[in-house]
Structure formats: structure tokens, C-alpha cells
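Use the sequences and the hints to build the structure in full.
There are 2 protein chains.
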Amino acid sequence: MINPVFQEDTICAISTAPGVGGIAVIRVSGSEAIAICEKIFTPVKKRKLIVTQETHTLSYGTISKNGETIDDVLLALFHTPHSYTGEDTIEISCHGSIYIQQQIVQLLIEKGCRLAQPGEFTQRAFLNGKMDLSQAEAVADLIASSSAATHKLALNQMKGGFSRELDLLRERLLDFAALIELELDFSEEDVEFADRTNLKKLATEIQKIIQQLADSFSVGNAIKNGIPVAIIGETNAGKSTLLNLLLREDKAIVSDIHGTTRDVIEDTINIGGATFRFIDTAGIRDTTDIIESLGIERTFQKIAQAEIVLWVVDATSSIESVILLAKQILPLTSDKTLLILFNKSDKIGELERVDRNSLFEDMKPLFISAKEKLNTDELQKRLIDAAHLPEISANDVIVTNLRHYEALSKADEAIRRVIDGMENGISADFLAQDIRECMHYLAEITGKISANEILHTIFRRFCIGK
Amino acid sequence: MINPVFQEDTICAISTAPGVGGIAVIRVSGSEAIAICEKIFTPVKKRKLIVTQETHTLSYGTISKNGETIDDVLLALFHTPHSYTGEDTIEISCHGSIYIQQQIVQLLIEKGCRLAQPGEFTQRAFLNGKMDLSQAEAVADLIASSSAATHKLALNQMKGGFSRELDLLRERLLDFAALIELELDFSEEDVEFADRTNLKKLATEIQKIIQQLADSFSVGNAIKNGIPVAIIGETNAGKSTLLNLLLREDKAIVSDIHGTTRDVIEDTINIGGATFRFIDTAGIRDTTDIIESLGIERTFQKIAQAEIVLWVVDATSSIESVILLAKQILPLTSDKTLLILFNKSDKIGELERVDRNSLFEDMKPLFISAKEKLNTDELQKRLIDAAHLPEISANDVIVTNLRHYEALSKADEAIRRVIDGMENGISADFLAQDIRECMHYLAEITGKISANEILHTIFRRFCIGK
Chain L
1 MINPVFQEDT ICAISTAPGV GGIAVIRVSG SEAIAICEKI FTPVKKRKLI VTQETHTLSY
61 GTISKNGETI DDVLLALFHT PHSYTGEDTI EISCHGSIYI QQQIVQLLIE KGCRLAQPGE
121 FTQRAFLNGK MDLSQAEAVA DLIASSSAAT HKLALNQMKG GFSRELDLLR ERLLDFAALI
181 ELELDFSEED VEFADRTNLK KLATEIQKII QQLADSFSVG NAIKNGIPVA IIGETNAGKS
241 TLLNLLLRED KAIVSDIHGT TRDVIEDTIN IGGATFRFID TAGIRDTTDI IESLGIERTF
301 QKIAQAEIVL WVVDATSSIE SVILLAKQIL PLTSDKTLLI LFNKSDKIGE LERVDRNSLF
361 EDMKPLFISA KEKLNTDELQ KRLIDAAHLP EISANDVIVT NLRHYEALSK ADEAIRRVID
421 GMENGISADF LAQDIRECMH YLAEITGKIS ANEILHTIFR RFCIGK
Chain V
1 MINPVFQEDT ICAISTAPGV GGIAVIRVSG SEAIAICEKI FTPVKKRKLI VTQETHTLSY
61 GTISKNGETI DDVLLALFHT PHSYTGEDTI EISCHGSIYI QQQIVQLLIE KGCRLAQPGE
121 FTQRAFLNGK MDLSQAEAVA DLIASSSAAT HKLALNQMKG GFSRELDLLR ERLLDFAALI
181 ELELDFSEED VEFADRTNLK KLATEIQKII QQLADSFSVG NAIKNGIPVA IIGETNAGKS
241 TLLNLLLRED KAIVSDIHGT TRDVIEDTIN IGGATFRFID TAGIRDTTDI IESLGIERTF
301 QKIAQAEIVL WVVDATSSIE SVILLAKQIL PLTSDKTLLI LFNKSDKIGE LERVDRNSLF
361 EDMKPLFISA KEKLNTDELQ KRLIDAAHLP EISANDVIVT NLRHYEALSK ADEAIRRVID
421 GMENGISADF LAQDIRECMH YLAEITGKIS ANEILHTIFR RFCIGK
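So the protein lines, in turn, are chains L and V. Everything in the first sequence is counted per the working numbering, starting at 1 for the first residue and increasing by one. Everything in the second sequence is counted per the working numbering, starting at 1 for the first residue and increasing by one.
The hints are simulated quantities; they were obtained by calculation from the structure and are not laboratory data. Note that the Cβ used here is the ideal one computed from N, Cα and C, for glycine as well.
Chain V residues, not near chain L, derived (Cβ > 12 Å throughout):
#1 174
#2 202
#3 209
#4 214
#5 218
#6 228
#7 336
#8 360
#9 369
Ranges between beta-carbon positions, derived for each pair:
#10 65(V) with 388(L): 22 to 28 Å
#11 373(V) with 45(L): 48 to 54 Å
#12 406(L) with 346(V): 51 to 57 Å
#13 48(L) with 448(V): 34 to 40 Å
#14 389(V) with 42(L): 26 to 32 Å
#15 371(V) with 388(L): 54 to 60 Å
#16 52(V) with 42(L): 26 to 32 Å
#17 117(L) with 298(V): 47 to 53 Å
#18 349(V) with 8(L): 57 to 63 Å
Printed below as a string of C-alpha cells:
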């Protein structure tokens, strides 16, 4: 670990979720953290200064402003470098009233702290070498994780799984570069070292790993942002009832053991560990989503963005009108997973059911009633099957971050140029340049190379207090 | 302090505000707290058991379930009796993802914890003699405090200010009872000890203190629940614009330094440290609050509940219609503070203004424009003046709790019966009975005497995790 570089100022922020709670935690980090807290905190028992306490200890005491108590608090002390940021850090646990939280933050600012930017504590942890950039990004993903799969991926990345993979790649690229550069040293003699066949094999192996990582982004993205699902169908087919049913059942599971409300992630549900994201369903609930003429732009766009299409058919409609709709819909969904749902199927008889089933026999249409909650379990099963998500084990490295995917894609291009170059007998110095470029892009991921604006973009999406 | 009585089970709950945050804290308390956490926590550095660590220390480590990591956490240890509850307590600081919070709570439950009831940690603190009942109630008030005044009152009560006052009262009552009972011992001899004049003086002093405390409830209640304000006026006078303006300006102050949203306390604002509660303003925003015929029930009820009445008059209305309204409104507000607001006053000329002003000259009507934000600072000043709240110093004992007020009222009745009894020459044994009753009601406040259902009612209003 490199020595912590103290940033110029000491920062503070409320680190727990906003709102009223039993307790709240305010974090203070920087070279003046202890000195500033010393000014406002009086321990109840031992009248010792904070600075004389050992690291990783808790003191009970009082925070006061101009002699008036603001709150009784617990103060947790972390000496540099044994803290999250690597700097001297103090965490103040106070009563979770918003008024108290604000008063303490205001007092800290008065005494010399600056309010932290979103993610600034983690940014300092990165700058102080406590974690690399991909690990820092994983912290934000971990906090945002709302399913077993997103949690697992973020945790693995935070623990350095992805970083280790990149380090291995880097080592292989260094070996490769060393061989090429050896050739370069003797270039005047116009020697081609070893045979290039071996070199090419090595480059191809490296390229494969990079490509695998880049390819994993499609899975990673589906896990992280949800598998895009479009719900389409005529007006009054029951789309909104179905959507609300799916959303409600998910919410019920969540609120079960928690006793609290969660941030509603609009129109995203977890079923069996997979996240499904419903595309543009605002219209469905306004019931302005008229699909009478199926050629309309909107339905077309929805299908284009989706991986899974739920076509809700009013089972009581005439066979003719269903056939008419099918002629429009089926061609649009050829590369999608299409689930055909005959809704309101409690209102049709057995004969009508057979008729409708035979229309789409090979596609196994599902007969449901969103209103009566008939057969919706089966619908959930079909959704999980359609998701096609691979089992993820704790050690799988799967790219979930667009920035990483883009860097990998560029590294992939560079290493491909190396392979092409060798095939076309390009000289070693050009090859070396592409190898360096490949390594550069990989280094961007872990932050070995990082521009200020990249850091800014990354940490801006954190919550304040982390 | 009495020895902690271990409750039969170990409880756990998320103690920080619900939702996503940088970090979250899960609290575990009870005789099995350490043993249960031992099963799920692995320290990163020293491979020591939690139980061997000293109290008030922090360990960094991993929480796992069946070998799979759930999160890296900080674990704070408090040995009995040096904890909030008085029991062995562990506070787990984890990443503030809802998924992680739920996973850890589920795991704790799996390993033998029970999910805590609202306020159960504080209830245990009370049962273990860490605080009396009025102090425990103050914890909930402190967490709910949203202004300087509510915060100050709750903190003082939590620190035992009210309890000390009650203890003093109890001592005086004991002295008094001793004298009466001495008389009782000699009752066969039909002696009246000392002269009853002195006894009566003592009783009167006690009664005065009890009454003062009970009387302070009207101030305490206004501070805690806000001063009730009614906004009345014709349709389209601008009531909703004014209300929204007042609410918005307050919200802006709050969100300024916090960077977070707060739980919206519907239609309550803080101005200059005082809380104002707007009565039944739902109608105003629906604009269904038709006041054309001022005799209607609803406006009448609103005024009856209010201390302050804001009458919003459309300044562009004719003088005649204003006079007509005034005839209906003024008689209803004779015992209220009435603020007359001529809204839309930017749309009338100087002459019209003089006319309208002269209608209510002695009441100093205010000419504002809610839409153009004209003169609304002055309105805020008028509201503060109308609030009539006394300056509260940190040591003032002010009753804010209805339960305490009711107990004090009953104690007051009992001590008054003692005084009356002495005046009417009632015998000492009857007097002694009333004194005991008086002491009983005071003891109920601090929980020296408490029924289970009272405890249940009190702690039910806490948030979970405290």
C-alpha cells in the first residue's frame, strides 16, 4: 500500500440514508478530523482527548455548540492509515433526527470541515491506494445492488476479482512486449526473433481473454440494469393490470421482512434472482398507449429495445382480429423472445381456448387472467426461462460497467492490430506501440492511468457520505 | 443502576433510516448477541473471537452465509452493562444497499435473533434501569425533533430534567406524608399535629408546582405539534398559492445544506424556530374548499381548531363583498389571532389600498402578493409575533407529552383533594390516601409504576431499530 496522501481539506457528510432513523452516522475524514472533533466533543467518562485514544475504539460523549448540547453521541476513531479513506477518520453516531444531523454537520463545517462531494470518501480511498478504480466503482454498485446477482458481481469486483484478472493480462502483455522489444533492439540486424508463430499464439490468447471480458458485458449489463421487457397489446387487453400485478408481487416480497419502504425503482422487478426492466410503461398506466394500429412508431420502438416481448391479447377478441394483429407483430419479434399471453381467459370457454391455442401452438401461448391472478406463477416461470442468465459463481469476472466495456473494446482493437500487424509483417516498433496502447486501456480501468475528468465522472454518481 | 435483566431473546433491527445510503447500521442486543455474531462474522486481521475483544472496540471483517460473503463490515462491540440497552450489544456497519441490509438481518434471524419491535431497544434500556420512562419517551421525541425548540425540550427531558423535577416533588410529598402519617399513628388520641396551617402551606406549594408543570403542556404541545393555523378565504383568493409559497420556502432552507430529501411533514413549517401546523389544507389544494357561503361547516371547524387565522382576501374584490365577508368572519375569530391578508395587492392602486386598509385599520391588514412574493417576509414576521412562544432555556421543564399531562392533571386533582380535605377537617387516613394517589400518578410518569399496556403504547410509536 502506498502512503496516504493527505488531501488539503477535511471533509464531512451524513453517511446513512437520508431521513429519520433510530441513529445516523456522520463521517469526518482528513488531516484535521481529530482536531476538529476535539473542539466539539466531550467524552462522558474518561476526560481524555480523542487523539490519545487508540484506533478502532468508541467513545461515548456529548457534542455541544457554544455550551449547548446538540446530542449524546458515539464517536468511532480510525487512525491513518487504518481507515476506509486511509486518512484519520471519525464516525459520529447520533440520534437520527434530521435536525440533529444537520446541526452536527453545520457545526463541523463551522469548525473547519468542508461538506464532502458525492463519493469523495471513496475517491480519497482510491487516491490513497486503498483500492483501485474498478474496486471504487464497485462500491457504488454494491450500494445500489438490489438483487442477489448484482450484489455478487459488485462484491467480487470490490474484492479485486476483476483487478486480478487485469493484472494477469498486464503481465502477459509485458512478457509479450519484452519479446517484441528484444526484437526491436536488434532491428538493425533485421532479425525476427524466435518464430513469430509463437508470438502470434500468445497475442491470440491475450485477445481471447480481452474479448471474453468485453463479451461478458452483455450478461453483466442485463444483470445490472435488468433484462429489457416490452409489454404490448391492444388498448384494454389488460396490460396495465398485468404490469401492476407483477410490480406489486415483487414489492410484497421486499417489504416482508424489512418493515420499511424501499426506494421504488420504477418498473423493475426481481423474479428468481433476475431483474426485468419494463420499457417505457408510463404510457400503459396513462392508458394512452393505443396500439389499434400496430404500425405505430411507439410499439415498434419498444419492441426494438426489448429482449423479451410480452404480447397481451384480449382472449375475448375475435379470432380474426387476433390473426390480424399477429400478422403485424410476429415479423417484428423474430429475433426476440415472444411470450403470447391470452388475458381474461377466465371469460372464454374450453372450445375458444383450443381455437386460440391452435393459432400459435408452437409458441405455447399462456392463458392467464391478470385480474383474477390466474396462471401468473407460470408467467413468472416463463420470464425466468426467457432471461437465459447463466449461473454466476462468486469468482466469475463479469463486466457490468460501460466505462470498463469501452476500455476493453479499445484494448481489443489494439491487440487485434498487433495480430494483424504480425500477419502482414509489420515492423516491431509499430507492434510495440499497439501493445502499449492495449496496456494503456487496461490500466485506465484500474485507474493506474486516470484523468481528472474521468475521476469526476465516476465519483459523481455516488451518494454523498460514501 | 440496577443490574441488567436479560430479556429472554436477542433482538436485531436496522437502526438507520430506511432506504439506500452510504452505510447502514444493524443493531443486535441480548444475551446471545455476541454468540450469534460470532457465527457469521470473520475478522480480517487478528483472528480473534469477538468475545475476547474489549468493550467499545471496532473490528473490521466479513459477514458470510454458507461460505459466501455478504459484505465487508465494521463491528462495534459493547459489553453489558456498558451499552444503550444495558445488554451485550453489537452494531454492524455495512454498505447501505437495501439488499445487503436485508440479507444480514435475515441471516441474524436464521442464527437465532428475533426482529425487534419498534422501540424495543429503548424499552430494554428502560427495563434495565438505564433510563426512566419519561427519558425513554424523550428519545422518540428527540428523533422526531425537527426544530430548535422541540430538540431542546426533548434533549432536556432525555437528560433527566423532568425526572429530577418529579423526584423533588416526590421527596416533598414523602415529607408531607410522613407528617400526616405521624398524626395517623396518634389518631386514637385525636391529636392534630403541629398546626395544620403549616401542612396546608406545604400542600399548596406542591399543588402549585404540579399545576405549573401541567400548565406548561399548552406551550409544550404548541412547540411539539405546531401552532394550529387556519387559512380561510373565498375561492380564488389565492389560499393555495400562499400555502405552497410558505411550505416551499421552508423546504428550501432545510434542503440547503443537507443534500438529501427529508420526510415531508405535511403542511408544517418552521419559521424562526416556531412550528406552525396548517389545519386541514387538503381541501385548499384540491380547490374544493368553497367558502362562498361563509356559514359552511368546514371553515367554521377550521377556525375553531386554530390559534391563528389567516384570512386571505382577494384585494381586487369589491369593498362591499369584503364587508359582507368580514361580518361573517370577525365574530368567529374573536378569541383567535386574526391576520388579514389582502392578496393580489399588486393589482390594485394606491387609492383602493387606502380604502381597504381603512376597513380594518386597527387590525393592520397586510397587503401581499403570494404569486409575486410581495411582502411575504412581513407575513412571516407577523406569524412569529402571533405565536407568542416564550423563550425556552435549556433547563426549563416543559411538558410535551399528553400522557404526562394527564398524569399531572390527576396528581393535581389528588393534591387539591388533600388541601380541600384539610380545610374541611377530614381525618388523616383519608388525607394519606389522597397523598399516596398523588404520588402514584407522578410515579407513573417516570415508570416507577407501569402497566404492560402503558409500556406497549409508549414504545409502539418508536421507529424500529431504536
